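Engineer: Chain order of the listed sequences is C and U. Letter by letter, the first sequence follows residues 1 to 148 of this note's numbering. Letter by letter, the second sequence follows residues 149 to 296 of this note's numbering.
Simulated from the structure, these hints should not be mistaken for lab results. Source: prediction; values computed, not measured. We put the beta carbon where it would ideally sit given N, CA and C, even for glycine. Wrong hints could be hidden among the right ones.
What the hints assert, rightly or not - Pair by pair, the computed Cβ-Cβ distance ranges are:
1. C:Pro100 - U:Ile153: 28 to 34 Å
2. U:Ile218 - C:Thr80: 25 to 31 Å
3. C:Asp11 - U:Pro214: 31 to 37 Å
4. U:Gln219 - C:Arg99: 36 to 42 Å
5. U:Gly277 - C:Asp37: 31 to 37 Å
Said to hold, decoys possible - Per the computed footprint, the stretches of chain C lying under chain U, defined by three or more beta-carbons under 8 Å from a beta-carbon of chain U, are:
6. 52–61
7. 83–90
8. 100–111
9. 115–125
Unchecked claim - Calculated Cβ distances over 10 Å to all of chain C for the following chain U residues:
10. Ala170
11. Ala171
12. Ala175
13. Ala197
14. Ser205
This is what each chain is made of:
Number of protein chains: 2
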Amino acid sequence: MTTLIYGSSQDCEIAFYRAFEAADIAAMMAVWAEDDDIVCVHPGGPRLAGIEAVRESWRQIFAGGPGLRIQLSALMVTSTLQTAIHTLHENLSVPGDNRPRVPMIATNVYLRTRSGWRLQLHHASPAPGQPPPSPATSPGREPATSLH
Amino acid sequence: MTTLIYGSSQDCEIAFYRAFEAADIAAMMAVWAEDDDIVCVHPGGPRLAGIEAVRESWRQIFAGGPGLRIQLSALMVTSTLQTAIHTLHENLSVPGDNRPRVPMIATNVYLRTRSGWRLQLHHASPAPGQPPPSPATSPGREPATSLH
């Protein structure tokens with residue numbers, strides 16, 4: 001298990017999305033608090049609680065290996081001494097696949113623990129509306145689907 | 149504007165769902181932090197930020213008046229001195245309408261402010277899967293839709 005200490009919620013968030021892109025389950029679980037109250041809601045998925053359920057969900061998502069690109073935008077942060085509430089848009093893509101996709105709206109809540117900042121909660125759901133228009137080079141593609 | 153002081157995140161949550169059921173916009177907005185960083189994501193909706201956008205969304209939801217019943221279940225809470233992270237299932241129904249509905253998964257984050265505990269973030273999205281079977285007394289109803 002990776003033993004990095006994240007000095008801020010921002011550092012922890014960068015590590016979360018790097019692990020997500022890299023499909024690295026050890027790096028992903030090192031980001032989360034070591035707490036059976038951690039909560040993860042993937043888009044369209046159930047509420048998962050506890051380390052085992054959260055790890056298993058990422059193991060399944062990562063089963064196909066890396067290849068996903070995630071661009072983050074519209075970050076908003078509200079912090080207290082021990083907690084940071086982040087919301088943002090996740091713009092997911094696969095290099096070479098130009099199908100338009102709607103962004104995911106993510107709520108990420110981080111706690112300052114004795115092991116540095118850790119992710120306590122991730123709740124993601126699709127933003128509304130049609131995905132942006134297909135690039136002119138890829139007309140007639142089928143509608144985007146959620147990767148996350 | 150109501151000026152109640154909520155002494156715990158639980159009290160604030162009860163007030164939130166009472167205001168939701170009552171379609172009471174003043175009571176609803178009294179629950180929220182007075183902060184332009186408040187965030188609200190209704191199921192299938194965009195990320196709304198700031199008091200004006202959040203108020204307008206509830207005004208639209210409440211336009212039809214009260215009539216919704218909300219049963220809460222599966223509450224999980226993680227707290228620090230200044231923050232409480234709640235996740236739960238919202239089971240929405242309209243008395244007399246027995247159509248089955250999937251629960252909503254809600255993340256509610258409360259902050260302890262100078263005016264007591266207030267809601268800083270609400271992010272709700274539908275739980276997966278088919279709604280539970282229709283009661284035997286109402287076969288052939290159309291599929292459930294989200295009220296919230």
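Engineer: Hints first: check each against the structure and report whether it holds.
Structural biologist: Hints and how they fare:
no.: 1; hint: C:Pro100 - U:Ile153: 28 to 34 Å; verdict: 47 Å, violated
no.: 2; hint: U:Ile218 - C:Thr80: 25 to 31 Å; verdict: 28 Å, holds
no.: 3; hint: C:Asp11 - U:Pro214: 31 to 37 Å; verdict: 46 Å, violated
no.: 4; hint: U:Gln219 - C:Arg99: 36 to 42 Å; verdict: 39 Å, holds
no.: 5; hint: U:Gly277 - C:Asp37: 31 to 37 Å; verdict: 24 Å, violated
no.: 6; hint: 52–61; verdict: violated (count 0)
no.: 7; hint: 83–90; verdict: holds (count 4)
no.: 8; hint: 100–111; verdict: holds (count 4)
no.: 9; hint: 115–125; verdict: holds (count 4)
no.: 10; hint: Ala170; verdict: 26 Å, holds
no.: 11; hint: Ala171; verdict: 22 Å, holds
no.: 12; hint: Ala175; verdict: 23 Å, holds
no.: 13; hint: Ala197; verdict: 6 Å, violated
no.: 14; hint: Ser205; verdict: 12 Å, holds
The structure shown violates the earlier hints numbered 1, 3, 5, 6 and 13.
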